[in-house]
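Q: So the chains spell out like this:
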Amino acid sequence: MNEIKKTYKNYVGGKYVRSESGKTFRIELKNDFYEVPLTSRKDIRDAVVAAKKGFTDWQKLTPYNKTQILYRLSEMLEGNFDTYQQILQDSGLTKAKAKEDIKNSLDSLIWYAGMADKWEQMTGNLNPVAGDFFNISHQESLGVVFTLNSSEHSLNNLLLNMLPALTTGCSVISFNEENSVLALKLAEDINNSDLPPGALNIMSGKFELIIDDVSNHVEITAMALYKKVTTEEKTLIRENASKSLKRVYITPPTKGLEALLPFIETKTVWHPKGR
Amino acid sequence: MNKWDYAESIESSSIVNIQKKYGIFIDGKFQSSNSKKSLKTISPSTEEVLSTISLGNKNDINDAVQSAKEGLKIWSKLSGTQRAKYLFKLARLIQERSREFAVLESLDGGKPIKESRDFDLPQVAANFFYFAGWADKLNLSWNTNGMKPYGVVGQIIPWNFPLLMLSWKVAPALATGNVVILKPAESTPLTALLFAELCEEVGLPPGVFNLVTGDGTTGAALVQHPEISKIAFTGSTGVGKYIQKETADRDIGLTLELGGKAANIVFNDAAIDQAVEGVVNGIFFNQGHVCCAGSRLVLQEDIHDQFVSKLEKRMQSLRVGNPLDKNTDIGAINSREQLDKISELVNNGVDEGGSIFQTECELPQNGFWFKPTLFTNAQPSYRIAREEIFGPVLTTLTFRTPEEAIEISNNTEYGLSAGIWTEKGSKILWTADRLQAGVIWANTFNKFDPASPFGGYKESGFGREGGRHGLLSYLKVQS
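From first to last, the protein sequence lines stand for chains H and V.
Using my numbering, the first residue of the first sequence is number 73, and each one after it goes up by one.
Using my numbering, the first residue of the second sequence is number 28, and each one after it goes up by one.
It is possible that part of the hints are untrue.
Under the rule of at most 25 Å between Cα atoms (straight-line distance), these lysine to any residue pairs were calculated in the SDA-like manner [stated by the list, open to error]:
id	chain 1	residue 1	chain 2	residue 2
1	V	K268	H	I208
2	H	K300	V	S40
3	V	K451	V	E414
4	H	K306	V	R363
5	V	K272	H	L333
6	V	K451	H	K306
7	V	K454	H	T302
8	H	K124	H	T302
9	H	K132	V	E434
10	H	K327	V	N170
11	V	K268	H	G151
12	V	K268	H	K327
13	H	K300	V	D296
14	H	K278	V	D276
15	V	K503	H	K125
16	V	K268	H	K169
17	V	K67	V	R363
18	H	K125	V	Y269
19	V	K67	V	T108
20	H	K315	V	T244
21	H	K327	H	R117
22	V	K175	H	L329
23	H	K132	V	K67
24	V	K272	H	E291
25	V	K451	H	N288
26	H	K315	V	Y269
27	V	K175	H	K132
28	V	K503	H	D154
29	H	K132	V	D276
Hints in this document: simulated from the structure, not taken from any laboratory.
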C-alpha cells in the first residue's frame, strides 16, 4: 500500500516555506510518495530577494569562517548517513552504491570546505607590469547564482552542483526536480550548519515552469546548468540572459579549480610606488 | 587665449605608404573579396579619403573560416615554442616599424601622434612579447584538469585603439593555439591591413591569421558562422548583447569587453594637484574614446569648488588639433557619427540643467572636433551621468561620505573601471573592495600593461584580456 511519507517544503532565506501557489508535485521513491513544492515564478522572485541578502552576509564572512561552516555541514551530513542511504536506496541505488556515494559526498564537502580559504591564492597574483606600480589581481564572487541540478540520484553530484559557487562566496538558488527529496532532506542539515540565511536556498519544481523567469531575472548574475537541457531551452536561456549579460555556464560537476572559475570576477588594482 | 603658443611640430606622413585599394587577407595572402563592394576610409582630422577597403560579406567570411580550418591543422601541430617564435618575431617587426604604424594610426583614427607613438605602439609590441612567452608554458599557467584551445576564433575590434585591440585579441589567441579571423572596425582598418603584411613577412602559416574588413554586416556574418568556436568582441554593450543573443543556440566560447561609465572618486584628503592631472588623463586621453574612461568625476563636496577651478584651468591648457602635431593633446573625434552622438548627449546635459564648461580653443575647419567639456551641477539621473558618451566630456557628481561615494559609483549597469584618489592607504583598500569594477586605479588612472588583466563586471561584459587571466579567454575546460 502506497502512502504519503512526508510533505517537504522549499528552503529559502533560512526558512522552510510552502510554494505561494500552494501547489506540490509527487515523487515516488520505491513504494512511497513524497509531496514536494512546485516552485512558482513568485517563489523564484522571493528566493532572489533572500539570496541577495544571503550573498551579502555569506561573502563578508572571513574565508576561515566559511571553511568552518562548510566543514560543520560535513559533520551534520555524516550524522545523517543512514537517512541519506535510505533515500538513495529508495531511489534505486544498491546498498553498496548508496554508501559509496555518501562517502564521496563527504569527501567533496571536505575538499570544498578546505578550498574556501585557498582558492583566492590559486587564482590571484601580482602582475609584473613594466613600471613603478603595485598591481594585483584578486578575485571576487559573482553574486546570486542559480544552479539547475543534475537529475542523477547522487548526493555527491548534488553537492558538486552547489559547492563551487558557494565556496567562492556566491549565494546559490539550487533548483531540483528528480532529486527533490534528497535535496530537501539536505536542506535540514544546511539549516543546522550555521550558513547565513539565504546563502544556500533549496527549491523543487519543474524547470520549464520557471525557465523564463530565472533567465530573465536581472539580479541572478549567473546560471549554471548541471542538468542536460534541450537545445531549445538552452537557446531561450541564453537569449534571455543576453538582456542583462547574465553569465550562463554548462559545466561538469567536479572537484577542481576549473569548477570554481565560472563564479569569480577578477578585480585588478593598480597603485604607484613612490616616496 | 591663456596658453603658450607653440610652433607646429608635424610628424611627417611620408613614412606611410597607403595603397589605393585593399583586399582581404585569407590563406596567408591578400585577395579580392567576393562581395566586390567597398568602403572608403577617411582621415577624421581632414575628411580626406585615405583608401578604399573591401566590404566583406558572408562568402568572404566563409572563405576565411575555411582558410582558418586549414591553418588550424598546421598551427595545432606546432610546439608551443614554435608558436612562440612566430609571435616574438611579430613583436620585433612591430617595434621596427612602429613609427610607420603610429603615423598610420593617427591618420586613420585621429588620435594624437604622441599617444599612438608613445602609448599604442609600445603596448602593441609588448603584448606580442608577453603572450609569445606564454605559448610554451600553458600547462604551467593554471592548475586545472586540462584545457585546450577553441580552434577557430572570430574577433571583432573597435576603432578607439585599432592596433592595440588587435594585439589584445590576436596575441593571446595565437599563443594558446587558436587561429583567428579578425574583423577590424569600419573606420580604422589600415593598421590591421599593415599587420597582415607583417604576418606574410614572418611567414606565419597560411590561415592562422585571417583578416576580413567591412562594417557591421561583416561582423554579423562572422558571429553567425556555424563553424566558429569562439567569439571575442570589444565594443558597445548594445552590440555585446546582440552577440550573446545571436549565439544563444550554439555552445561556443564568448568574451565581451563592453562599455563603461567609470567613477573617478576624489576624496578630500587626496593630493589635489595629482588628482587633477589624473582626472584630466582619465577622461581626455584618446579624446575620451576609451571604454574605461573616468567619465564621472565623483568629488567630495567640501573640495568641489577648489577642485573644479583647478580642473578648468588645467583643461584650458589642453591643445586640440592636428593629430600629427607632436604638441597635440586632443586629436580628432573618430567619425561624424560619433561626433553627432557626443553633441546630442552634451546638448541633453545642458537641457537637463547641467552647468557646462568648455575650453576656449579654435577648432580646425575640416574634420570632426569637440572641445574638452566639463559638467558640474549634474544629477545622477541625467543622461550625461548614466550613458557612455565616449568623448571628451566629464560629468561631476558630489558626495559627503565614503559610503555615499560607493553608492554613487556603483549606481550604474556598467562595471569596467574606477579611480580612487586619497592619500590614506586603508581608505584605498576599503574603497577598492566595495567598487564593482574589474580594473581599479588608485592614485593613477588609465594605466595598461600586457601582464595586467582587463575586463568588466556586470554589463561591461565578461572575460579578461591580459595577464595570466587573459589566457582563460582562449582555453576551454575539457569535460
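Q: Now tell me, hint by hint, if it's right for this structure.
A: Hint check:
{"no.": "1", "hint": "K268(V) x I208(H)", "in the structure": "29 Å, violated"}
{"no.": "2", "hint": "K300(H) x S40(V)", "in the structure": "59 Å, violated"}
{"no.": "3", "hint": "K451(V) x E414(V)", "in the structure": "31 Å, violated"}
{"no.": "4", "hint": "K306(H) x R363(V)", "in the structure": "40 Å, violated"}
{"no.": "5", "hint": "K272(V) x L333(H)", "in the structure": "23 Å, holds"}
{"no.": "6", "hint": "K451(V) x K306(H)", "in the structure": "48 Å, violated"}
{"no.": "7", "hint": "K454(V) x T302(H)", "in the structure": "49 Å, violated"}
{"no.": "8", "hint": "K124(H) x T302(H)", "in the structure": "29 Å, violated"}
{"no.": "9", "hint": "K132(H) x E434(V)", "in the structure": "18 Å, holds"}
{"no.": "10", "hint": "K327(H) x N170(V)", "in the structure": "12 Å, holds"}
{"no.": "11", "hint": "K268(V) x G151(H)", "in the structure": "48 Å, violated"}
{"no.": "12", "hint": "K268(V) x K327(H)", "in the structure": "32 Å, violated"}
{"no.": "13", "hint": "K300(H) x D296(V)", "in the structure": "55 Å, violated"}
{"no.": "14", "hint": "K278(H) x D276(V)", "in the structure": "22 Å, holds"}
{"no.": "15", "hint": "K503(V) x K125(H)", "in the structure": "33 Å, violated"}
{"no.": "16", "hint": "K268(V) x K169(H)", "in the structure": "45 Å, violated"}
{"no.": "17", "hint": "K67(V) x R363(V)", "in the structure": "14 Å, holds"}
{"no.": "18", "hint": "K125(H) x Y269(V)", "in the structure": "31 Å, violated"}
{"no.": "19", "hint": "K67(V) x T108(V)", "in the structure": "40 Å, violated"}
{"no.": "20", "hint": "K315(H) x T244(V)", "in the structure": "21 Å, holds"}
{"no.": "21", "hint": "K327(H) x R117(H)", "in the structure": "30 Å, violated"}
{"no.": "22", "hint": "K175(V) x L329(H)", "in the structure": "15 Å, holds"}
{"no.": "23", "hint": "K132(H) x K67(V)", "in the structure": "55 Å, violated"}
{"no.": "24", "hint": "K272(V) x E291(H)", "in the structure": "18 Å, holds"}
{"no.": "25", "hint": "K451(V) x N288(H)", "in the structure": "41 Å, violated"}
{"no.": "26", "hint": "K315(H) x Y269(V)", "in the structure": "9 Å, holds"}
{"no.": "27", "hint": "K175(V) x K132(H)", "in the structure": "35 Å, violated"}
{"no.": "28", "hint": "K503(V) x D154(H)", "in the structure": "40 Å, violated"}
{"no.": "29", "hint": "K132(H) x D276(V)", "in the structure": "37 Å, violated"}
Checked against the numbered hints above, the structure breaks hints 1, 2, 3, 4, 6, 7, 8, 11, 12, 13, 15, 16, 18, 19, 21, 23, 25, 27, 28, 29 and satisfies the rest.
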